[in-house]
Amino acid sequence: MEGDDAGVIQAERVGRGIARLADFLGDDDPSVRRVKLRVFETVLVLVVCAEQWCHTLAGVRGTAPSTGQLALATTLCGLATFHPRLRRGGFAGLVAVHVLVVWRFFPATGNHRYLELILCSLALLLDPRAEADRVPYLASLRWLVVVVLFYSGLQKLLHGYYFQGLYLAYATVEEHFRPIVSWMVPAAEAARLYALQPTVGSGPYLTGAPLLVAASNAVYVTEIGLAALLLVPRSRPLAVPLVMAFLVAVESAAREAFFGTLFVSGALLFRPGAANRAVVPVVALLMAALVLTGAGVLPRVVFF
Amino acid sequence: MVARVRHGLVAVLMTCLTVWPLVQIGLCFRYDVSPWKLAGWGMYAQPRLGASLDVVARETPDGAGEPLPPVAYDVMVEADRFLQDWRWLRRLTRPDRFAQVVFDALPKYQALEIVVNNQVLDRGTGLIVTEPVRFAYVRQPAVASGTGGSSR
Numbered sequence: 001m002e003g004d005d006a007g008v009i010q011a012e013r014v015g016r017g018i019a020r021l022a023d024f025l026g027d028d029d030p031s032v033r034r035v036k037l038r039v040f041e042t043v044l045v046l047v048v049c050a051e052q053w054c055h056t057l058a059g060v061r062g063t064a065p066s067t068g069q070l071a072l073a074t075t076l077c078g079l080a081t082f083h084p085r086l087r088r089g090g091f092a093g094l095v096a097v098h099v100l101v102v103w104r105f106f107p108a109t110g111n112h113r114y115l116e117l118i119l120c121s122l123a124l125l126l127d128p129r130a131e132a133d134r135v136p137y138l139a140s141l142r143w144l145v146v147v148v149l150f151y152s153g154l155q156k157l158l159h160g161y162y163f164q165g166l167y168l169a170y171a172t173v174e175e176h177f178r179p180i181v182s183w184m185v186p187a188a189e190a191a192r193l194y195a196l197q198p199t200v201g202s203g204p205y206l207t208g209a210p211l212l213v214a215a216s217n218a219v220y221v222t223e224i225g226l227a228a229l230l231l232v233p234r235s236r237p238l239a240v241p242l243v244m245a246f247l248v249a250v251e252s253a254a255r256e257a258f259f260g261t262l263f264v265s266g267a268l269l270f271r272p273g274a275a276n277r278a279v280v281p282v283v284a285l286l287m288a289a290l291v292l293t294g295a296g297v298l299p300r301v302v303f304f
Numbered sequence: 001m002v003a004r005v006r007h008g009l010v011a012v013l014m015t016c017l018t019v020w021p022l023v024q025i026g027l028c029f030r031y032d033v034s035p036w037k038l039a040g041w042g043m044y045a046q047p048r049l050g051a052s053l054d055v056v057a058r059e060t061p062d063g064a065g066e067p068l069p070p071v072a073y074d075v076m077v078e079a080d081r082f083l084q085d086w087r088w089l090r091r092l093t094r095p096d097r098f099a100q101v102v103f104d105a106l107p108k109y110q111a112l113e114i115v116v117n118n119q120v121l122d123r124g125t126g127l128i129v130t131e132p133v134r135f136a137y138v139r140q141p142a143v144a145s146g147t148g149g150s151s152r
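Protein sequence lines correspond, in order, to chains A and B. Reminder that position 46 of the first sequence reads as 46 in the working numbering, one-by-one numbering, no gaps. Reminder that position 20 of the second sequence reads as 20 in the working numbering, one-by-one numbering, no gaps.
Keep in mind that the hints were calculated from the coordinates and are not lab data. Hints may be right or wrong, so weigh each one.
Not everything, but these chain B residues come out facing chain A in the computed CB check (under 10 Å) [as the list claims (entries may be wrong)]:
id, residue
1, L17
2, L22
3, Q24
4, C28
5, V56
6, L89
7, L92
8, P107
9, Q110
10, Q119
11, D122
Here chain B is said to cover these stretches of chain A; the calculated rule only asks that three of the stretch's residues, wherever they fall, bring their Cβ under 8 Å from a Cβ of chain B [unchecked claim]:
id, region
12, 101 to 109
13, 118 to 126
14, 195 to 202
Here a beta-carbon is modelled for each residue, glycine too, at the ideal position from N, C-alpha and C.
Chain A on its own, in the form it takes in the complex:
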């Protein structure tokens, strides 16, 4: 009996701890939580629909159901999420589509697909219209942003390709990394790097350019540091614009529009009020532009 009592007390303590953490992470003006969360869900739906259509238009093939069928299913489920009665069914459908996509492309599945699956699962389990769900929903989304930022930095630190700028120098094999690297290394060194073919024996990709080495180390320091700054309510006003600036810098080279958009939307959840409302038209335009680019209507400038 004493053991049972101790177990109950322990469970209550854990429950109180989780509730405190949720309050800490979900701390916000209660009157805007619902709007804020619905805006996030809108961005999520726009991103997953646009991404699925872009895959279809890019001719990504797989076994049945086809990517076109998946895009149609995603769109229908996405539309359903805007109807109060169909919302949960819509997100259940999006979860199913993402499980299928993760399964089909495993192990090559991109991390943004896992992120979308997690976000759709949260939307299935929690509802911004239910007052009791708002704090844990907001806290979970914010926690996800922190987790992704922190581990992204930690992995760069642990794998050791950023200490001497090796990753960034190697990344110039992809042309879209060159503009950002070119102002960090001397012109002659940049020309040498760009001439290297990524085959066995090629290199060295070490440059020793101080600016490149400094910027390279700043990447993981910034990611881990921003994760910590986002956690603490007092430092959030500083952290959010820094996260935005960091994402702009990263996406200017990496050009992962879908992941970047979701992450910006997640980071905006740390801002007080429902400031994230302003991004919906921007995201809608960006996603439309990406789909039209995939369809060949707009010229190819950026892509995932």
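Since the structure of chain A is provided, determine the placement of chain B on it from the hints.
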């Protein structure tokens, strides 16, 4: 579903998501799994380089090795499938199925050595180098998969 159950599920989900990247990092260092995949959030932590296959076949387990002769399309497909998995999972996967397909296609061979040449960006020299991983298989009557071991 009552709110308490849903909130409990969310707490479990978030706990798993917080801990999983540590497991994924463990897989990266233990099995060379790519940090880019499996939701460990290690995108851009390591260059994405490919790998190639060399296969040495033997008519007897102790006999002289010879390069694999031209093989049928399905053998090539299996090799490609293995390499695609290998690119991300590395030593978490093995070419067992590929070895079996080769044994099925070429009955005269009793042993195979499959060498996977990983391309790696060497952190010390900054050069792209190969790191071979070897798998040895001996044909076993009525046994579907190889009995390979790997060494690095």
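A quick look at each hint next to the structure:
Here the hint on L17(B) is kept, as its CB sits about 6 Å from the closest CB of chain A, short of 10 Å. Nearest Cβ of chain A to the Cβ of L22(B): about 8 Å, under the 10 Å cut. The hint holds. Annotation: Q24(B) was flagged as interfacial toward chain A, and the flag holds, the nearest CB pair being 8 Å apart, inside 10 Å. This hint holds: C28(B) has a C-beta 7 Å from the nearest C-beta of chain A, less than the 10 Å allowed.
The closest approach between the C-beta of V56(B) and any C-beta of chain A is roughly 19 Å, which is over the 10 Å cut-off, so the hint fails. The restraint placing L89(B) at the interface with chain A holds, with a minimum CB-CB distance near 5 Å, inside the 10 Å limit. Proximity of L92(B) to chain A holds as hinted, the smallest CB-CB distance being about 9 Å (cut-off 10 Å). Evaluation of the P107(B) hint against chain A yields a violated restraint, the C-beta minimum of about 31 Å exceeding 10 Å.
Hint status for Q110(B) relative to chain A: violated, with the closest Cβ pair at about 31 Å, above 10 Å. A cut of 10 Å between beta carbons decides the hint on Q119(B): the least distance to chain A is about 6 Å, and the hint holds. For D122(B), the interface hint holds, since its Cβ comes within 10 Å of a Cβ in chain A; the closest pair sits about 8 Å apart. Beta-carbon proximity to chain B at under 8 Å applies to 3 residues in the region 101 to 109 of chain A; the threshold of 3 is reached and the given coverage holds.
For the region 118 to 126 of chain A, the stated coverage by chain B holds: 5 residues have a C-beta nearer than 8 Å to a C-beta of that chain, and at least 3 were required. With 5 residues having a beta carbon nearer than 8 Å to a beta carbon of chain B, the region 195 to 202 of chain A meets the requirement of three or more and the stated coverage holds.
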